[in-house]
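Enquirer: Could you slot chain R onto chain C? The hints should help.
Chains C and R, in that order, are what the protein sequence lines are.
If you use our numbering, the first sequence corresponds to residues 1 to 131, in order.
If you use our numbering, the second sequence corresponds to residues 1001 to 1131, in order.
Keep in mind the hints are simulated off the structure, nothing from the lab.
Please note: incorrect hints may appear among the correct ones.
Said to hold, decoys possible - Cut-off 25 Å, straight-line C-alpha distance, at most; resulting in silico cross-link-like pairs (DMTMM-like, lysine to aspartate or glutamate): (1) C/K36 x R/D1056; (2) C/K36 x R/E1111; (3) C/K36 x R/D1101.
If you want the building blocks of each chain, they are given just below.
2 protein chains.
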Amino acid sequence: MKKIPILRLGRILLVSIQEDLTDNEAMQFQSDLVNKVAEIEALGVAVDITALDVVDSYMARVINDTASMVRLLGAEVVICGIQPYVAMTLIEMGRDLIGADCAFNLDQGLEMLRERIAHRGDIRFTGDGDE
Amino acid sequence: MKKIPILRLGRILLVSIQEDLTDNEAMQFQSDLVNKVAEIEALGVAVDITALDVVDSYMARVINDTASMVRLLGAEVVICGIQPYVAMTLIEMGRDLIGADCAFNLDQGLEMLRERIAHRGDIRFTGDGDE
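Next comes chain C alone, as it looks inside the complex (with noise of 0.2 Å):
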């Protein structure tokens, strides 16, 4: 069973979903994430799947959970890569497959995770030092 590694930059997490993921492999990434959310008071979340290809509503609708459980303890979310091509299948297959916000890529990912945490009134965001 192949586990997802969750990053830690200051008080945002990065998470790189790579390929499908089984049942299994879901829960126990969402089961890792929202723990680790928890354990180090995490403020945002940044979920990359740049590297799919192919999201079909199995895997969008694991997506679109993760994101509620992570928003349910008070992080903010931004799904980050999404590929024209799955943009448009996840469209065609019906609206709010994806009912998180999304950013073309990492960088503008974590900027605005920056920006609505500020904006939150917590200005201890950034870490790794500064702190």
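Expert: For chain R alone, kept in the frame of chain C given last:
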């Protein structure tokens, strides 16, 4: 019948739900809270549910309804301290069981409320002597 204490911090109210509520307790709580919000013209309410290890669909509805009632009166609401496992089960049970905004803990919830209230253009929100 247990009564949920409603604490006042300037024009922000704090409530902490420690355990599951019965129908009657939930109605009493909602009634107490909206009356208190109306009485002091509260600008924000932080609902802390850190102590809840399990939130079933009934409790999720109570929390959600309470948040909606408070919003109808014109105050901001933030739900604080949803546990990782609770977040996962809420999402698995169905979308949007908790529609309100969430914060990691009471600290961040208050920060978020203050930010929101400040954006609404009302600066008399902190209370406690700095008015």
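Enquirer: Would you mind marking each hint as holding or not holding in the structure?
Expert: Against the structure, the hints come out as follows:
no., hint, result
1, C/K36 x R/D1056, "holds (23 Å)"
2, C/K36 x R/E1111, "holds (22 Å)"
3, C/K36 x R/D1101, "holds (20 Å)"
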